[in-house]
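Starting from the structure of chain A, add chain B where the hints point.
Chains as they are written, first to last, in the UniProt record's numbering: chain A, 1 to 236; chain B, 1 to 286.
Hints may contain errors.
[As the list claims (entries may be wrong)] Derived SDA-like pairs: lysine to any residue, alpha-carbon spacing no greater than 25 Å straight-line:
1. A:K92 - B:Q108
2. A:K88 - B:A17
3. B:K167 - B:R118
4. A:K50 - A:E181
5. A:K92 - B:K167
[Said to hold, decoys possible] Example chain A residues on the side facing chain B (calculated, C-beta under 8 Å, incomplete):
6. T67
7. Q109
8. R124
The hints are simulated quantities; they were obtained by calculation from the structure and are not laboratory data. Beta carbons: idealized from backbone N, C-alpha and C, even for Gly.
For reference, the chains in residue letters:
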Amino acid sequence: MGDSAYSFSLTTFSRTGKLLQIEYALNAVANGRTALGICAQDGVVIATDKKLPSVLVDSEHVQKIETITPKAGFCYAGVGPDYRVLVKRSRKSSQSYLSEYGEVQPVHQLVTDTASTMQEYTQRGGVRPFGISLLVAGLDSDGKPALFQVDPSGSYFGWNATAIGKNYVSAKNFLEKRWTEDMELEDAIHTALLTLREGFEGEMTAHNIEVGIVKKDGEFQVLQPNQIQDYLDEAN
Amino acid sequence: MTAGSQMNANNLHEPAAGFDFSNYLRNQNLLQTDGAAPKLKAKKTGTTIVGTVYAGGVVLGADTRATNDTEVAERNCEKIHYIAPNMYCCGAGTAADTENTTALISRQLELLRMDTARPSRLVTAVTLLKRMLFRYQGHVSAALVLGGCDLQGPHIYQIYPHGSTAKLPYTSMGSGSLAAMAVLESSWQENMTEDMAVQLVQRAIGAGIFNDLGSGSNCDICIIKTDGTVDYRRNAVKPNELAPLRAQVQRSGRLNMRPGLTPIIKSEFKPHPVVAAGGETAMEVE
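Just chain A, same shape as in the assembly (with noise of 0.2 Å):
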């Protein structure tokens, strides 16, 4: 990376002061599916749609929420390939920091290294922005329950509960309405799902979504098919 040819940043301002790269990669964003999040006092849950294009399309090796650490996991909306390659740094980088420090990453250096690795990417040679914004869920070093979205541009925003992707707006209304502060985990995990289902195209079962939830002093965890159908099943 870094060509002599490519040496200058492919990121660079318009007369009007904006990045029309990054706000490309938004649009990007918000063309992807939709995922949402939500933070309750006894810890976070993130969800998404995982709406495969084609019945043939083998969905055991589509994984869209990923651990980064025993206590924080990734979400993303937007181009699928790019968020891998942002999992696989983030979890080097959340070793180092293990070997450095002793003990695991806290949410929040977790989210400001993983910004800063996407800020590089509109100011280095040769590359274009990632072409995702993230949800980290996740437990901060004092164990309290954190959920931070990352943007292409890497910024970074902490939210009580959000939505990003497809119908954003209309998902972040319907959570405007429902977050308590004294939310619990059990009900913000049935609030994501109705919050799903709003938006979703079709019949929501067990296996077009997915859903991580990180419990204050507890592990990151993605449910099972058969975890979501109980939550589905008493939602109904």
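Structure of chain B alone, referenced to chain A:
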């Protein structure tokens, strides 16, 4: 592993991964020069470590003495290191080498577990360890007994500092390995129960503790079962307790005198004279 540091995208030096051997040639030269710097010595652990397979998993055992030549550097150190949820590793040799090597491979295995979404296998750990140790040509002084249970069953491996490995039903390593092996050879049997295996390991480590000067203090035990549970018994046996010995020491009653035993005849208080500001200070900062 890359040698030396590299410039990253922001033109900042990034530290090289792994061990840095850039001083090796310098050290060799120092040793050859007459009357030069004292011979550099690595801190070694004399040790007794043992591992055995039994009917329901594996049992690992280790003593807890860390030595610096003839001095006991630590009386109760931990020699059974975590590698993966289903694997632990006993380490003999240089303490820093065993700890850092096992930690490095442990992190690599965690990355692999996340990538493959599968539990780690012992052959993976053995391969990663032996490849690394061979690359360092024995300079990383880590002699390991690796034990655990994976989808293929319970396994014990021994790994030497130069990178050779052996898969065995039972083994011992460290300066106390002969004493421990004597016990193992006389009593080991196939398909032992958990209690039999633990007793055997405790006796083997005990042989090392009492007959080898490089080993001593307590015995740590780690049982890893084929169902995935781990029973880490830190200080499972403590045959060398100091407290009863200390209690026997006769200490003079004059060490515990209550305040007020010495009568005060006269008392006088003079505040210390204050030196005027601007006087000479002992240390000039600028």
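Verification of the hints:
1. A:K92 - B:Q108: holds (9 Å)
2. A:K88 - B:A17: Given that 25 Å is the threshold and the Cα spacing comes to 18 Å, the pair holds.
3. B:K167 - B:R118: holds (23 Å)
4. A:K50 - A:E181: Status violated; Cα separation ~29 Å.
5. A:K92 - B:K167: violated (31 Å)
6. T67: OK, holds: T67 of chain A within 8 Å of chain B, min 6 Å.
7. Q109: Cβ of Q109 of chain A sits 16 Å from chain B, so the hint is violated.
8. R124: holds (5 Å)
When each numbered hint is compared with the structure, violations occur for hints 4, 5 and 7.
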